[in-house]
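K.L.:
Next come the chains, spelled out residue by residue.
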Amino acid sequence: MSQSLTTAHNAKRMYRFDLMQRLTAQLRNEEAVIGGIGNTNFDLWSAGHRAQNFYMLGSMGLAVPIALGVALAQPQRKVFALEGDGSLLMQLGCLSTVATLAPKNLAILVFDNGVYQITGGQPTPAAGGADFAAIARGCGLANAVWAADEADFERLVQHCLETDGPHFIGLKLDDQPPVSQTERDPAQIRDRFMRGMGARKSKLPG
Amino acid sequence: MQTEAAARPRAWHEIVLAVLKANDVRLVPYVPDNVLKPLINAVHADPFFTAFATAREEEAIGIVCGAWMAGTRGIVLMQTSGFATLANVLASLPCAFQIPALMMISERGTLGEFNIGQAMVWRTMRPVLEALGMEHHVISRLDECEFICDRTIKQAVMTQQPAALILSPLLTGGKVVAPPKA
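The listed protein sequences derive, respectively, from chains A and B. Numbering follows the numbering used here, with no gaps: position 138 of the first sequence is 138. Just add 206 to the spot in the second sequence (first one is 1) and you have the numbering used here.
Any given hint could be a false lead.
[Said to hold, decoys possible] In silico contact screen, one side only, chain B against chain A (beta carbon under 7 Å); selected entries:
1. Glu265
2. Gly272
3. Ala273
4. Arg279
5. Ser374
6. Pro375
7. Leu376
FYI, nobody ran anything at the bench for these hints, they're computed from the structure. Here the structure is a predicted model, which is why all the values come from computation and not from measurement. Every residue, glycine too, gets a C-beta built ideally from N, C-alpha and C.
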């Protein structure tokens with residue numbers, strides 16, 4: 001894939017919920033999607049529950065590691081990690097781990113609004129200009145890119161679906177709030193996700 | 207004819223390796239420790255396992271939780287100071303979601319510790335395990351190692367609860383340095 005000319009500075013600021021809808025509309029093969037803490041998984045939830053969605057409730061920064069675990073367990077299934085910029089800052093080391101293990105079926109999407117939106121919009125410590133795609137490339141994820149706009153995002157998602165990873169897409173966000181909140185019932189979320197992964201069969205309906 | 211290997215009692219790490227295999231625990235992310243070195247070397251040498259280092263113990267917990275939900279069992283190897291970084295993710299991921307995240311903790315900070323930092327952080331390990339209500343067992347004797355490891359893993363899986371196995375210096379010898387000369 002040719003290197004995108006889009007940078008952290010000229011990428012269009014997009015609406016997280018719209019991106020979630022565009023992402024899930026392109027998933028046709030029971031791809032796993034791991035939604036990171038807070039507004040990231042809220043908008044994944046709002047885009048419509050899928051049996052292969054997992055919604056984190058705490059453990060800030062672990063969307064990529066959880067997705068990596070799923071990817072290692074099921075190499076034939078594509079896995080998307082959706083992580084916020086503040087969350088990724090908590091666990092930057094995971095990018096090195098992903099680059100080293102190089103799972104072909106993993107894609108990391110970072111939703112970068114530059115602030116801790118859920119706690120009142122305080123700027124993150126990356127306000128000085130940290131470039132997450134550049135950080136990812138520095139960790140060894142050579143094809144890490146910023147999405148220029150919505151059409152570019154859809155093209156990049158298709159590229160993730162059709163080619164070997166690991167992939168990394170940076171997404172600059174506007175400041176719109178999430179549409180709704182995920183139901184906070186972790187045991188149910190885990191059980192549904194395991195069924196969605198084919199890792200559990202149960203006669204209990206659901 | 208009895209070979210020398212058959213006559214020699216198995217070392218703790220040989221027992222642990224066999225129990226992990228018997229229980230189909232394949233994924234072994236770790237943050238290394240000197241005491242764990244023979245076990246880490248053994249899981250790297252055996253193609254049954256997928257073993258690799260992570261940058262932080264939190265990351266390894268996320269990986270084994272994700273793998274479990276997708277059908278693969280794993281265990282995180284760490285030392286006492288690494289466990290001390292985990293309270294938040296243990297509470298909000300394996301405890302809240304009822305995921306049998308397995309941990310093996312090499313116990314530093316007691317029975318001859320030379321580093322006061324390790325000795326201080328050791329004090330937090332059992333209170334945190336108890337506060338989280340997590341099943342945990344100390345392995346201090348070679349003859350109990352197989353039983354404790356095997357039953358702890360089986361209970362974790364059957365009850366869908368995380369569990370910690372603590373490797374006592376009584377079992378492993380711990381990490382020792384010669385005291386400074388006066």
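K.L.:
If a hint holds in the structure, say so; if it doesn't, say that too.
P.N.:
Going down the list of hints, with the structure as the test:
Among the interface hints, the one on B/Glu265 holds; its C-beta lies about 5 Å from the nearest C-beta in chain A, closer than the 7 Å criterion. Given the 7 Å rule on beta carbons, the hint for B/Gly272 holds: about 3 Å separates it from the nearest Cβ of chain A. For the restraint placing B/Ala273 at the interface with chain A, the shortest Cβ-Cβ distance is roughly 4 Å, inside the 7 Å limit, so the hint holds. The interface hint given for B/Arg279 is violated, since its Cβ lies 9 Å from the closest Cβ of chain A, which is over the 7 Å cut-off.
Because the smallest distance between the Cβ of B/Ser374 and any Cβ of chain A comes to about 29 Å, over 7 Å, the interface hint for this residue is violated. Because the beta carbon of B/Pro375 sits about 29 Å from the nearest beta carbon in chain A, more than 7 Å, this interface hint is broken. Nearest Cβ of chain A to the Cβ of B/Leu376: about 33 Å, over the 7 Å cut. The hint is violated.
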